[in-house]
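J.: Each chain, letter by letter, is given below.
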Amino acid sequence: GAGVSQSPSNKVTEKGKDVELRCDPISGHTALYWYRQSLGQGLEFLIYFQGNSAPDKSGLPSDRFSAERTGGSVSTLTIQRTQQEDSAVYLCASSELQGAMTEAFFGQGTRLTVV
Amino acid sequence: QKEVEQDPGPLSVPEGAIVSLNCTYSNSAFQYFMWYRQYSRKGPELLMYTYSSGNKEDGRFTAQVDKSSKYISLFIRDSQPSDSATYLCAMSSDYKLSFGAGTTVTVRA
Numbered sequence: 029g030a031g032v033s034q035s036p037s038n039k040v041t042e043k044g045k046d047v048e049l050r051c052d053p054i055s056g057h058t059a060l061y062w063y064r065q066s067l068g069q070g071l072e073f074l075i076y077f078q079g080n081s082a083p084d085k086s087g088l089p090s091d092r093f094s095a096e097r098t099g100g101s102v103s104t105l106t107i108q109r110t111q112q113e114d115s116a117v118y119l120c121a122s123s124e125l126q127g128a129m130t131e132a133f134f135g136q137g138t139r140l141t142v143v
Numbered sequence: 005q006k007e008v009e010q011d012p013g014p015l016s017v018p019e020g021a022i023v024s025l026n027c028t029y030s031n032s033a034f035q036y037f038m039w040y041r042q043y044s045r046k047g048p049e050l051l052m053y054t055y056s057s058g059n060k061e062d063g064r065f066t067a068q069v070d071k072s073s074k075y076i077s078l079f080i081r082d083s084q085p086s087d088s089a090t091y092l093c094a095m096s097s098d099y100k101l102s103f104g105a106g107t108t109v110t111v112r113a
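From first to last, the protein sequence lines stand for chains G and R.
The first sequence maps to residues 29 to 143 in this note's numbering.
The second sequence maps to residues 5 to 113 in this note's numbering.
Calculated directly from the structure, the hints in this document are not laboratory data.
All C-beta atoms, glycine included, are put in the ideal place defined by N, C-alpha and C.
Check before you lean on any hint, since a few could be wrong.
[Stated by the list, open to error] Straight-line Cα separation of at most 27 Å, DSSO-like style, residue types lysine-lysine; simulated pairs:
1. G/Lys85 <-> R/Lys100
2. R/Lys60 <-> R/Lys74
3. R/Lys46 <-> G/Lys45
4. G/Lys43 <-> R/Lys100
5. G/Lys39 <-> R/Lys46
6. R/Lys6 <-> G/Lys85
7. G/Lys85 <-> G/Lys39
8. R/Lys6 <-> R/Lys71
9. R/Lys60 <-> R/Lys71
10. G/Lys85 <-> G/Lys45
11. R/Lys100 <-> R/Lys46
12. R/Lys100 <-> R/Lys60
13. R/Lys46 <-> R/Lys6
14. G/Lys85 <-> R/Lys46
15. R/Lys6 <-> R/Lys100
[Stated by the list, open to error] Chain R stretches covered by chain G per the calculated footprint, using a threshold of three residues with CB under 8 Å from any CB of chain G:
16. 46-57
17. 84-98
18. 102-113
Isolated chain G (complex conformation) (with noise of 0.2 Å):
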């Protein structure tokens, strides 16, 4: 594709409810990228992929965030048992070269509201 797509856009869920966010990067970006931005607040780091490999995942709140990356190409990001401080815009990046933050493009995001 021409861009970084995230799905869905948005996704309202139950507090408890396990969801799954997913990101398409740009097709041969090898590093993909998620941040968290609540509202107020800056991006917040979450994970880093270089290939399937994450190196940092230093930035996942809890043990209840989970991330995988197959084929060296889609990610999904998993938060078990959701709780309402998940609540947030969750974004993704890529970019061709490991590192290479001033050619990393973003996604739109997938606004997660936890009711």
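For this one, chain G is given, so just place chain R on it according to the hints.
T.: Chain R in isolation, oriented as in the chain G frame:
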């Protein structure tokens, strides 16, 4: 204390005015200094970046970095209603971006 602090705003200016946006940071390891623009319900879009102290111009936009003071600015000249958005400063030393909280700018026609 956060690594990156951004003047919170919001800012409302008349069309044609100069918009000034500012951030401070605490991490001396930051090498790249970036400004993103984010329209409502969209992802951030990179506007400009620089890696050295001084000024960098791109059309109506000027990015300024002062590493000695750990201070960066973005100036928008001849602002247009289409410039109305949230502006985020961001900095990195590797693959991880540290963002300011953003400043929402409204340019009134």
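J.: Taking the hints in turn, state whether each one holds.
T.: A quick look at each hint next to the structure:
Note on G/Lys85 and R/Lys100: the hinted pairing holds, with a Cα-Cα distance of about 11 Å set against a maximum of 27 Å. Between R/Lys60 and R/Lys74 the CA atoms are separated by roughly 16 Å; this keeps the pair inside 27 Å, and the hint holds. With a CA separation close to 26 Å, the supplied pair R/Lys46 and G/Lys45 stays within the 27 Å bound. For the suggested pair G/Lys43 and R/Lys100, the alpha carbons sit about 30 Å apart, so the restraint of at most 27 Å is broken.
For the suggested pair G/Lys39 and R/Lys46, the alpha carbons sit about 15 Å apart, so the restraint of at most 27 Å is met. Distance hint between R/Lys6 and G/Lys85 is fulfilled; the C-alpha atoms sit about 20 Å from each other, no more than 27 Å. Only pairs whose Cα atoms come within 27 Å are accepted, and G/Lys85 paired with G/Lys39 is accepted, the gap being roughly 23 Å. Distance restraint check for R/Lys6 and R/Lys71: the Cα-Cα separation of roughly 17 Å lies within the 27 Å cut-off, and the hinted pair is therefore satisfied.
As the CA atoms of R/Lys60 and R/Lys71 are separated by approximately 14 Å, the hinted pair is consistent with the 27 Å bound. Taking the CA atoms of G/Lys85 and G/Lys45, the gap is about 22 Å. The hint holds against a cut of 27 Å. Between the alpha carbons of R/Lys100 and R/Lys46 the distance comes to roughly 21 Å, so the proposed pair stays at or under 27 Å and holds. Distance hint between R/Lys100 and R/Lys60 is fulfilled; the C-alpha atoms sit about 23 Å from each other, no more than 27 Å.
Simply put, R/Lys46 and R/Lys6 have alpha-carbon atoms about 25 Å apart, close enough for the 27 Å limit, and the pair holds. In summary, the hint linking G/Lys85 to R/Lys46 is supported, as the alpha carbons are separated by about 25 Å, within the 27 Å threshold. For the given pair, R/Lys6 sits about 15 Å from R/Lys100 by alpha-carbon distance, which is consistent with the 27 Å threshold. Coverage of the stretch 46-57 of chain R by chain G holds in this model, with 6 residues showing a Cβ closer than 8 Å to a Cβ of that chain against a need of three.
Here the stretch 84-98 of chain R counts 4 residues with a CB under 8 Å from a CB of chain G, which clears the bar of 3, and the coverage holds. With 5 residues having a beta carbon nearer than 8 Å to a beta carbon of chain G, the stretch 102-113 of chain R meets the requirement of three or more and the stated coverage holds.
Violated hint for the displayed structure: number 4, the only one.
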